[in-house]
Amino acid sequence: MFPLRSERFQGKFNNPGIQRGDHSVEKEEFTCVGHSVLKVDALDKVLGRAVYSEDMTFPNMLHGKVLRAGVPHAIIENIDISAAKAMKGVACVLTAKDIPGENLFGIAFQDQWALAEEKVRYIGEPVALVAAKNEEIARDAAKAIKVTYKELPVVTNPHEGLGENAPKVHEKGNLILHSKTRKGDVEEGFRQAHVIVENTYKTHVQDHAYIETESGVGKVDEHGNLVVWSANQCPFRDRRQMAVVLGLRENQIRVIRATTGGAFGGKDDVTVEIHIGLMVLATERPVRLVLDREESFLSQTKRHAIEMWTRWGATREGKLCAMEGKVYGDTGAYAGLGPFVVKKCGIHLSGPYYIPHVKVDSYSVYTNNIMASAMRGFGVLQSSVAHNAQMDELARRLNINPLQFRLMNALDRGLSTATGQEFQAGIGIKATLEKLKEVVMKDPSLQKYWKELR
Amino acid sequence: MQNYQFHGPRTVGEALNILSERGDGCRIIAGGTDLIPALRNEDILPDSVLNILEIDELTGISEEGDTIRIGPTTTFTEIIQSQVIKRSLPLLVEAASSVGGPTIRNRGTIGGNICNGSPAADVLPAVVALDGELELQSKALGTRIIPAAEAVEAPYQTRFNRDELLTGILIKKLPSETRYAFEKLASRNAMARAYMNISIVLKLDEKGAFSDLRIVPGTLEAVARRMSAAEKILMGRQPEDSLVEEAADAFVGDLAGVWIPDYKLPVARSVFKRVLKRALNGSGVE
Amino acid sequence: MKKRGLGVGCMFYGIGFGFSRQDISAATIEICEDGSVIVRSGEVDYGQGSDTIFCQMVGEELGIPYDSIQLITADTFTTPNAGPTTASRVTYVTGNAMVKAARAVKETMQSVAEDILGEGDLVFMDGEIRSEYPDKRISFRDLAKTCHARGVQIVETAWQDITTKDVDPETGQGDAYATYGWASQLAEVEVDTETGRVEVLRIIAAHDVGKAINPSNVEGQIEGGVLQGMGYALTEEIVQEGGYLKTGSLGDYMMPTSMDTPRIDSHIVEVADPDGPYGAKGVGEPALIPTAPAILNAICDALDIRVTELPANPENIKRLILEKGKEEEAS
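Chains as they are written, first to last, in the working numbering: chain A, 5 to 458; chain B, 355 to 640; chain C, 148 to 478.
No lab work stands behind these hints, which were simulated from the structure alone. The C-beta atom is built at its ideal place from N, Cα and C for all residues, glycine as well. Misleading hints may appear alongside valid ones.
Here are the simulated DSS-like pairs of lysine-lysine, each with C-alpha atoms no more than 30 Å apart in a straight line [said to hold, decoys possible]:
hint : chain 1 : residue 1 : chain 2 : residue 2
1    : C       : Lys473    : B       : Lys631
2    : C       : Lys393    : A       : Lys455
3    : A       : Lys123    : C       : Lys312
4    : C       : Lys473    : B       : Lys627
5    : A       : Lys206    : C       : Lys292
6    : C       : Lys312    : B       : Lys631
7    : C       : Lys393    : A       : Lys446
8    : A       : Lys323    : A       : Lys176
9    : C       : Lys471    : A       : Lys206
10   : C       : Lys150    : A       : Lys206
11   : C       : Lys150    : A       : Lys172
12   : A       : Lys176    : C       : Lys312
13   : A       : Lys330    : C       : Lys150
14   : C       : Lys149    : A       : Lys455
15   : C       : Lys471    : A       : Lys455
16   : B       : Lys627    : C       : Lys471
17   : A       : Lys206    : C       : Lys473
18   : C       : Lys149    : A       : Lys147
19   : A       : Lys206    : C       : Lys283
20   : A       : Lys154    : C       : Lys312
21   : C       : Lys312    : B       : Lys557
22   : B       : Lys627    : C       : Lys312
23   : A       : Lys330    : C       : Lys312
24   : C       : Lys283    : B       : Lys631
25   : B       : Lys440    : B       : Lys527
26   : C       : Lys283    : A       : Lys330
27   : A       : Lys184    : C       : Lys312
28   : C       : Lys149    : A       : Lys452
29   : C       : Lys393    : B       : Lys631
One-sided and incomplete, this derived list gives chain A residues near chain C with beta-carbon spacing under 7 Å [unchecked claim]:
hint : residue
30   : Val37
31   : Thr61
32   : Phe62
33   : Glu140
34   : Arg143
35   : Gly167
36   : Ala170
37   : Leu181
38   : His182
39   : Asp225
40   : Asp396
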């Protein structure tokens, strides 16, 4: 069924590929590195031969379905699985009571239940699992599970969440992490400022929307180990979290990354792996679980909505002298990697510039929204929305070209970042700005925008 | 799981028999670009589905004197590629080209676009602006013809009887020198749900005054219809700037039940003027 | 009316986890008796192209075709833990593990080759180990056979650790990240003031990747990043109200299509990182980051309107245009 590798690569050895773009550094004498060779998975992908977990099938395989909360914040009063369990073709119906290990996971902060126990904290929260002989029966059985909820007031943004009388998403409180950056003395810094720009920026939620949704398939192998093929970003982290919930040793769990159709951070947290493990262990049969697009939107992690208040000062000569910021990240119902995203946003809020005086506070906050965790850019995207706007506003008031103003303040050898870190080499910000400047200066259609650029 | 009976007749006669027997619980499927998602999401729960794609009489484009007949299962792609349509009803080509993306256009049909009754249909407003007519057949009433403008009663609800089948879309070839324009506004260039679309068909007399005019917006209101207030202001007069402004006010004033009105109303005014100007500046049908 | 503007966005991005979070990677290289090569690493390629550049790196070091290498990745039973594919760390961390493992194997093989050929100063290239004399060379295949016959160890595992020291918890001062990626982009946009629609005409991207291991792959990352960044700036938005999702399908969630793709000019800038493999740094996330701010600055250049709440979709842009009109009328 699958072609041998030798066939796959027939006649494709040392394909020099196409070479586009230009390179600022002279070519060294490499034979392979630095060449645009054909990607090793290109042929399989374009010929439709790549095997994704959804393409994998085993004899006697079951199809899984997750019942999700559907309410954003509620106490679970009762779960009645009797009707679902009685349906023909249903192999198992699982709730938190059926978890063999400890019902707790999360990459950095273990605050998440594999299946909800007493409470649900967002609409996509998993409450029960069904494995059945086909997808239709699994879906119908999941619908037949009756859950009685007592709804609770919801927290919909970080400011609400930090309020004194806010409903508590988690018992320990809604603040997940407060991170600080303190460099120099901002008050002194702002005293040197000739212009000060202060603004609040609000970013929205983005979905990873990869071409392949979260999916996987699992079974017990011939040695009695659990094997799961899934679309993931780190089989080892998944294994660590699975072991706790499934009550297995890590060396009994084999996680394999199946061909994966994009992740962008959205498959960094556990997606389907624990649920597949639970169903495989309960039924001792292979189980496949594939989320459809709507379920992916409803239940999987997103990019943080972040609100950033920030104030920047520059001297008459156009040198940045101080910046201050407060960052509020809506991490949603569970931490995932959210606290680190918000922290990274705060650390990068000062941009790739040398600023002697910096003060930033970042707050990652629980709400009843869908979890926000890793997504390509990891908080730095949001920070760059703020610092690039601030730089343009300052440049305008100082009557300096925005690109020139960035060059004047860009980090360089021996100049420290907001965390006081200095590099002696490998600092490329000026090189990239100079490249853009060169492009503009050569192109009259761009130069017309920035006649002042010299 | 949905259980329904599936019918696959080969002739209109067979289809009409099935419709007359099954009536209410039967849904007709052609390209399926609207019906399949609705079935999957269980938005509709029919007890039978009637596939009309296998009925040869229902597809294709033909000229019958000065009328063009389009079979309801003709796809958007077939309309776009048809030399007859390109020559005589170029507005329809523009409207059909704005539908979804290539995959949807290869699959979706003009009949489906009309019968689905979506307020966001791209082609139905153009058919109304072209003064199109619909041929309906049933065992009970035989054949009847109604104006396309009367097809839809309310969103996703047609005025057809439950046992009636749309068997043809009939549009008169545009007289020479008829001018037209179509514009769809959406947040991206393909596969987008539109904010609005506007179809305009017009003719000027030898003095340069409007002698014929049909203005039909889509997506703005629940049901596509001609904007008679704006048409009335323009008819018989020459398209001077002040008159166009007056008509634009009437166009917007006439709109009712618009979603996100804060955005759509001021924008609709601009788009209306733009489409009207484009139509006036166009060279028209040969 | 259509108004045009030009905007710049730039960024730096801390590569790897930083802040004393364990950031390790590993790779194992094994030479078979016939000289074919198996590389094992826990790193995940989910489409970004790391499998290809690993093969290029090992191929470069061992002087063998990159696509003759059997690469086994991301399997907890057969590959060493390489950490996750995140934080734009893969090229920088796992790439180093690859180079280290390859050099370790190469060193062993080289000493055997020196013994066989009686020459030093050998180079591994085109499937051969060559000295300066054309008659004194040995094929990679024969050398591997000899190594196996002599019982020489030609399986090597390399470990790469870029975990940084922790910063001061009260001030956040310290060496936060092992290295940074750097990038700047220009966006040229055209705004339809009547509809509020923004069309991106052109993106010019300049990315310092240290060393492009595979330039067209870098361009692929940049082009994909630009589109994702454009979607973020203009049309993509997950809307939640009271904890309920309002945009639950691809029918409501507007990502850019191929029909919305602007001209993208990618410029690869190479300021070598002293600790990166061949000087390389990551590009995965930097590819995306400058696009949205560049577009927002270009919109501001065109309209003299600063968008502070994203996305800059037609509804928001039109509202800001109308508000500005009212303000100007009032003053």
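These are the hints, each one checked on the structure:
1. C/Lys473 x B/Lys631: 27 Å, holds
2. C/Lys393 x A/Lys455: Violated. C/Lys393 to A/Lys455 sits at ~45 Å, over the 30 Å cutoff.
3. A/Lys123 x C/Lys312: Since the Cα atoms of A/Lys123 and C/Lys312 sit roughly 39 Å apart, the hinted pair is violated (cutoff 30 Å).
4. C/Lys473 x B/Lys627: Measuring from Cα to Cα gives roughly 22 Å; hence the hint holds.
5. A/Lys206 x C/Lys292: With Cα atoms ~63 Å apart, A/Lys206 and C/Lys292 exceed 30 Å; violated.
6. C/Lys312 x B/Lys631: Given pair C/Lys312, B/Lys631 is violated - Cα atoms ~67 Å apart, limit 30 Å.
7. C/Lys393 x A/Lys446: Judged against 30 Å, a Cα distance of about 47 Å means the pair is violated.
8. A/Lys323 x A/Lys176: Judged against 30 Å, a Cα distance of about 44 Å means the pair is violated.
9. C/Lys471 x A/Lys206: This hinted pair holds, its Cα atoms lying about 19 Å apart.
10. C/Lys150 x A/Lys206: 25 Å, holds
11. C/Lys150 x A/Lys172: Distance ~48 Å between C/Lys150 and A/Lys172 Cα, so the pair is violated.
12. A/Lys176 x C/Lys312: 29 Å, holds
13. A/Lys330 x C/Lys150: 34 Å, violated
14. C/Lys149 x A/Lys455: 21 Å, holds
15. C/Lys471 x A/Lys455: Cα-Cα ~26 Å, so holds.
16. B/Lys627 x C/Lys471: The given pair, whose Cα atoms are some 22 Å apart, holds under the 30 Å limit.
17. A/Lys206 x C/Lys473: Judged against 30 Å, a Cα distance of about 23 Å means the pair holds.
18. C/Lys149 x A/Lys147: With Cα atoms ~51 Å apart, C/Lys149 and A/Lys147 exceed 30 Å; violated.
19. A/Lys206 x C/Lys283: Distance ~67 Å between A/Lys206 and C/Lys283 Cα, so the pair is violated.
20. A/Lys154 x C/Lys312: 47 Å, violated
21. C/Lys312 x B/Lys557: 77 Å, violated
22. B/Lys627 x C/Lys312: 64 Å, violated
23. A/Lys330 x C/Lys312: Given that 30 Å is the threshold and the Cα spacing comes to 25 Å, the pair holds.
24. C/Lys283 x B/Lys631: The hint is violated at about 81 Å.
25. B/Lys440 x B/Lys527: Given pair B/Lys440, B/Lys527 holds - Cα atoms ~11 Å apart, limit 30 Å.
26. C/Lys283 x A/Lys330: At roughly 67 Å apart (the allowed maximum being 30 Å), A/Lys330 and C/Lys283 break the hint.
27. A/Lys184 x C/Lys312: Distance ~17 Å between A/Lys184 and C/Lys312 Cα, so the pair holds.
28. C/Lys149 x A/Lys452: Holds - the C-alpha atoms of A/Lys452 and C/Lys149 are around 16 Å apart, at most 30 Å.
29. C/Lys393 x B/Lys631: This hinted pair is violated, its Cα atoms lying about 37 Å apart.
30. Val37: 4 Å, holds
31. Thr61: 20 Å, violated
32. Phe62: The hint is violated - A/Phe62 has no Cβ within 7 Å of chain C, the shortest such distance being about 18 Å.
33. Glu140: 20 Å, violated
34. Arg143: 16 Å, violated
35. Gly167: 16 Å, violated
36. Ala170: Violated, because the Cβ-Cβ distance from A/Ala170 to chain C comes to roughly 14 Å (cut-off 7 Å).
37. Leu181: 11 Å, violated
38. His182: 10 Å, violated
39. Asp225: 9 Å, violated
40. Asp396: Holds. Min distance 5 Å.
Going through the hint list in order, the structure does not satisfy hints 2, 3, 5, 6, 7, 8, 11, 13, 18, 19, 20, 21, 22, 24, 26, 29, 31, 32, 33, 34, 35, 36, 37, 38, 39.
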